[in-house]
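Engineer: The chain contents come next:
There are 2 protein chains.
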Amino acid sequence: MFNIGSKEELDFEIDKLGVNTLRGLGIDMIYNKKSGHPGIVLGAASIIYTLFKYHMNIDLDNLDFINRDRFILSAGHGAPLLYGIDYFLGLLDIDDLKKLRTINSKTPGHPEKDITPMVEVTTGLLGQGVANAVGISYGEKYLRESTNKTIDYYTYVLCGDGELEEGITYEALTLAGTWNLNKLIVFVDLNNNTLDGSLDLSSHEDLKKRFESINFNIIETDDSVKNINEAIINAKNSDKPSVILVKTKIGAYSSLEGNFKAHGSIPDEEEFFKIKNNLGLIPTTFEVSEEVINSFKEKVKERSNIIKEEFNKKYESLKNKELIDKLINKENTYNVLDIKGEYEEKSLREHTGDLLNKIANDFPLILSGSADLFSSCKTKIEDSNRNIYFGIREHAMGGILNGLATIGFRPFGSTFLAFSDYLRPSLRMTAMMNLGVTYIFTNDSITVGEDGPTHEPIEQLPSLELIPNLKIYRPYDVNELIGCFKDILKENKPSCLIIPRNNKEISISTSSKGVESGIYEVIKNDTDNYINLISNGEELGLVLKVSKNLKEIGIDNRVFSIPCIKNIKADIDSLWKGHLTIGITLASVEYLYKFTKNVIGINTFGLSGSKEDVLENFGFTEELLQSKILEYINK
Amino acid sequence: MFNIGSKEELDFEIDKLGVNTLRGLGIDMIYNKKSGHPGIVLGAASIIYTLFKYHMNIDLDNLDFINRDRFILSAGHGAPLLYGIDYFLGLLDIDDLKKLRTINSKTPGHPEKDITPMVEVTTGLLGQGVANAVGISYGEKYLRESTNKTIDYYTYVLCGDGELEEGITYEALTLAGTWNLNKLIVFVDLNNNTLDGSLDLSSHEDLKKRFESINFNIIETDDSVKNINEAIINAKNSDKPSVILVKTKIGAYSSLEGNFKAHGSIPDEEEFFKIKNNLGLIPTTFEVSEEVINSFKEKVKERSNIIKEEFNKKYESLKNKELIDKLINKENTYNVLDIKGEYEEKSLREHTGDLLNKIANDFPLILSGSADLFSSCKTKIEDSNRNIYFGIREHAMGGILNGLATIGFRPFGSTFLAFSDYLRPSLRMTAMMNLGVTYIFTNDSITVGEDGPTHEPIEQLPSLELIPNLKIYRPYDVNELIGCFKDILKENKPSCLIIPRNNKEISISTSSKGVESGIYEVIKNDTDNYINLISNGEELGLVLKVSKNLKEIGIDNRVFSIPCIKNIKADIDSLWKGHLTIGITLASVEYLYKFTKNVIGINTFGLSGSKEDVLENFGFTEELLQSKILEYINK
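Chains as they are written, first to last, in the working numbering: chain B, 1 to 635; chain A, 1 to 635.
In isolation and in its complexed conformation, chain B is listed as follows:
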């Protein structure tokens, strides 16, 4: 689309100064704040410079432009480079740069979504950005195929060679190769160092062969603008995902050039002047040549106009604009009408699948992925291209769902609750970025039974509840499940839907509306002397039975269900009206400490055996539970 001609050759002259200016600006920020990572800033500047100047298609008047190219700085500690580009493009000013790593600035220590222009995702947790990029690129391919190529952006990601040691990068990139995401271009900052020393200390991996084994187009280059530019052109021409291995020098132009110690060593005054001198820059801070900026900005603007025009042309001739319109207008919430559940004998897993299918039918932004557990979690969207087979790769699933959410999809992902630990780092990022991703975790307690302790969650439920911004839904039956879906889809926020393996019970007293308030009375009582029993999920069924038994022996009680703790706005203590309150859960007792100190739960690992045997072993039969409750009453 953009040929290399004499004009560009002229620019390449300016670019020597340009790249060093970007390096210098990064060092200015770090030196000014005495905090940051000079190694990558000096080492990888030319990659980001070349990419943005000659390739990134963005609309400077509308950074949200839907068909913009995406760039993910997965090596988030290189943030000053991105901030420097923002400055070149007039999206940040010098004052912002001076506030690097200062509280409430636009220039935090690692890039944070929704804070800085052109930051697509929050990075810094190594490996996550790579998975996000794969998700963003998967979304592009899906849209390209659904919109007659109206959407067809490139996704670029920059990561370090050390970062590629993280398992999530292996998982995500293998999927990129499997899905043949030919508009994904991965830059590897090949500096042969990690924090603790030479890369050789921890890896003798042959990177080229690794990428060959997963169906990538492999390009090697030095770090000159000219060669990086050519590498990108080659990558764009490939019908496979590409990796560009760029040989760089960590801490280039500093006394620590090529030394792992360059990673986080803040230059002192002498060293600062030395670096500036080596870069051929004047020894002042935050001064940038107008020529560099103008040449840079002009190139980007030139493309801005062309890409908007191209997109508009294709958009106009597109027959079915629905998907694109919904994405542009950010219609990523959905009003679940009064769907009636199928009240036949079905497990809650099956009800979940049914409801997801009904909703997905009307809401095209929903995609459903599974870490090889569609068959068991029942979350496949039938007869559609909206299922993502992640394989046994929970961690990459989380990161990829995050990427999909950033471009406007409303993704779901499923696995067993015990395996949620595998994707916890990505889930934390879902929550931190406040993304509309819903995780469906089934097989949620010891009632898994025969598969034993590795498959039986104990601490997972309370431990997910601890993650800020993340709403955990734990319905007991299909009534509550409907309420959960309504609540989950009415906002575009992070959530987990926790489902038991086999529960088929339905209570006439449960309510879908109870979900909204987070906690509600399932069994009421109008006498003066009573106890409160609180629970949720499958074990609520047992509590309902025990409640009845207790009434029969003259112990009045109210039963509360808690389908969503983070929805609770009521003052909790006032709910109990001063009466003894006992919590019952198959999770750790801490799960209900917010409500009462009197919790009957499980604080050891599970056991392999029939569901009934395992429940009995842990005291969860009508008889055993009742006697434990009586102990509390008689205390």
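None of these hints come from the bench; they were simulated from the model. Hints should not be assumed to be uniformly reliable.
No copy labels: a pair is met if it fits in one copy or bridges any two.
[Said to hold, decoys possible] Think about it this way: if two alpha-carbon atoms lie no more than 25 Å apart in a straight line, the pair counts; the simulated BS3-like pairs of lysine-lysine are: (1) Lys314 with Lys346; (2) Lys261 with Lys611; (3) Lys301 with Lys240; (4) Lys504 with Lys611; (5) Lys628 with Lys597; (6) Lys635 with Lys261.
Knowing the structure of chain B, use the given hints to seat chain A on it.
Structural biologist: Just chain A now, with coordinates in the frame of chain B:
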């Protein structure tokens, strides 16, 4: 060592029946209990059969024999195969097999350490066993080099092709290649299926190239005993770690042969008889040919005698027996004498490194690994070969430390607390197996400052506390740190030592003895009217200052430190003597709910900024904290 001659050829005839007998026995167990995974049992039987009959060196009189070969069934759902081998060798009886997946039996749904003979580690959580095997093999190589080859066992691991999708297998196997663990042999059950369908759905990876890229010797074979046997011989002769790719058929001999649905489909009566017939077996359950068993057992016993003799010979001529003796005698606890901390101006991270070095000097079973954060966590054992450079591979670190612990080492592993999420699945296995692994997690709160929310733990501390069996230590200063080390090393149990980034304070009122009781009074009070303040870690320093300020304005108070919650045996409520108790933590408020409902904590993600700015933002200055405490008092 054991040549293939005419005797073996005769055996190979029996082996046809032998392998089918193992298949049949597995199906008997599953059919009998109507629960389990027939796919792998029918598919991978010949691998385990061949390995144990012709290669595994074990001592049937002493299963703990230190130089025994190790076998890890990472594909833990194949457990009935291992139980069948146990039966062949007289280590389990038919009654045990009949109790498959029954509570408190020796034959749980997935193999569990310390329950069944020859189960080295608990598996079932896919990928973990592969990392454990790499740890066990690393330990072998370390011992081989330290004991003049007196220790020189093989480590075998069996995993599925789907399992290789898990990132932890990539991380761990890359390390195996990097470390050139030439006595590690990985079998891949290449059945081209996962739970949700053909492997092709989720992976177009070229497995051979993948293993080439990480320095493995690659062997391909069909699943005949003869060829698997040869493959193992080839693998043993290699100077690299080996992978044996065994082409198998999931659910072989059943109606679902080669179909992904074979994975978990329990045969009905008709199908059961059909399978038995296809296997050439009589249609009864739990009947095994004597000839098969005798031939199998004889082979294993033959080797038993030779390996013991060989080991004893080498052991006798070994000069320094210390390491081996300590491993044999399981001397894996250590009495930390009254080490005096260096009371100079040093961060707690540096004190941690100093103490670890002093202790490691006297306790040779300690190994120290880091996920590329030796430089920052300060956990390197100086001038030694006892450091393990894991690279940026937290998850594999956890799994490998677990493997090392099972063979008797006392491993430590370090990273930042925020990154503990990456290794949480392995950490859960540390706890489930009750292994003596200590994780050192530094940079434990928002006081990380500039690096921002991705690097600032909030929910990690309470969420680790939730894991059963796992003790979390959170010292405030070097006094408490010494107490933590004493407590950690006096038993061989799972633990985490949580260290702040920069705290240098030391209090004259803290005590190393306080760690043992879990909670203790740092500031006492003898008036009648007072409040209790409770805290731990770095923020205790702030609480101590506020305590003083409060006293000055007439508010008497006691201050408690909680260096280890799980050590607490005291009745907690009695400690407060009925007085208002306020918890102060930089973690989520839930962290201290066990102690009081009045908790000042943080329930949002952190921020990037100077430590001081970030603390102030969250209300953790002397002034702000005092006013929050006054609010509680005035309530």
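Engineer: A separate judgement is required for each hint: does it hold in the structure or not?
Structural biologist: Each hint tested on the structure:
1. Lys314 with Lys346: Answer is neither; intra-copy 47 Å and inter-copy 64 Å both fail.
2. Lys261 with Lys611: Answer is between; shortest inter-copy Cα gap is 23 Å, intra-copy 55 Å.
3. Lys301 with Lys240: For Lys301 and Lys240, neither the intra-copy (28 Å) nor the inter-copy (54 Å) Cα distance is at most 25 Å.
4. Lys504 with Lys611: Result: close within a single copy only, 14 Å intra versus 52 Å inter.
5. Lys628 with Lys597: both (14 Å within a copy, 24 Å between copies)
6. Lys635 with Lys261: neither (62 Å within a copy, 53 Å between copies)
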